[in-house]
Amino acid sequence: MSTLKYLVAYPADVQAQVAQLLQQNTLRDFLLKRYPEPHNIANDKALREYIFDLKNQYLKSSSPLSKVIYDSKLHVVRNALGTHSFVSRVQGNKLKSKNEIRISSVFKKAPEAFLNMIAVHELAHIREKEHNKAFYQLCEHMQPDYHQLEFEMRVYLTQLETHGSIYD
Numbered sequence: 009m010s011t012l013k014y015l016v017a018y019p020a021d022v023q024a025q026v027a028q029l030l031q032q033n034t035l036r037d038f039l040l041k042r043y044p045e046p047h048n049i050a051n052d053k054a055l056r057e058y059i060f061d062l063k064n065q066y067l068k069s070s071s072p073l074s075k076v077i078y079d080s081k082l083h084v085v086r087n088a089l090g091t092h093s094f095v096s097r098v099q100g101n102k103l104k105s106k107n108e109i110r111i112s113s114v115f116k117k118a119p120e121a122f123l124n125m126i127a128v129h130e131l132a133h134i135r136e137k138e139h140n141k142a143f144y145q146l147c148e149h150m151q152p153d154y155h156q157l158e159f160e161m162r163v164y165l166t167q168l169e170t171h172g173s174i175y176d
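Residue numbers (this note's numbering): 9 to 176.
Hints may contain errors.
Unchecked claim - Pairs of lysine to aspartate or glutamate residues, derived as EDC-like cross-links and limited to a Cα-Cα distance of at most 20 Å, are as follows:
1) LYS106 <-> ASP52
2) LYS117 <-> GLU160
3) LYS116 <-> GLU158
4) LYS137 <-> GLU108
Claimed, not checked - Here are the simulated distance ranges between beta carbons:
5) GLN156 <-> SER70: 23 to 33 Å
6) LYS13 <-> ASN33: 18 to 28 Å
7) ARG56 <-> ALA17: 28 to 38 Å
Calculated directly from the structure, the hints in this document are not laboratory data. We put the CB at the ideal spot given by N, CA and C, even for glycine.
Input sequences plus hints: build the corresponding full structure.
Structure representation (structure tokens):
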């Protein structure tokens, strides 16, 4: 089951179900039935607006974002959900901080639900730096089916790696 590297944290029976769909070559059909269309957020400007809308809806009083981009250099296995970086610099007598969100360009042609889940994950890091209980509670507040979407996004990555995009 080396093709299931995105699902190693899930129970063996769940992995077996996904492996069976892969073996039967029906994983693409399963995903297309749930997500028939990719999102249309294709460039950095549209991504920035999309994430700023989410931030303004759920995290108005949190630190500002200085950069939001798709990043073709992100390695999907290590940073499957993108990255959030926080940098503090002393400028004069003030401490300036910058928050950046980078999402792998693999998600330019993905279901909007997955992009939303990734955006929620990275936005939650503005308030909670660690993956702790408060972090996941914040993710679920912004995206009630967060955990299901994360699982399905990992199934999507498995499909993408083994058989290509579901939208081709």
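* Violated hints, by number in ascending order, as checked against the structure -> Hint check: nothing fails, all pass.
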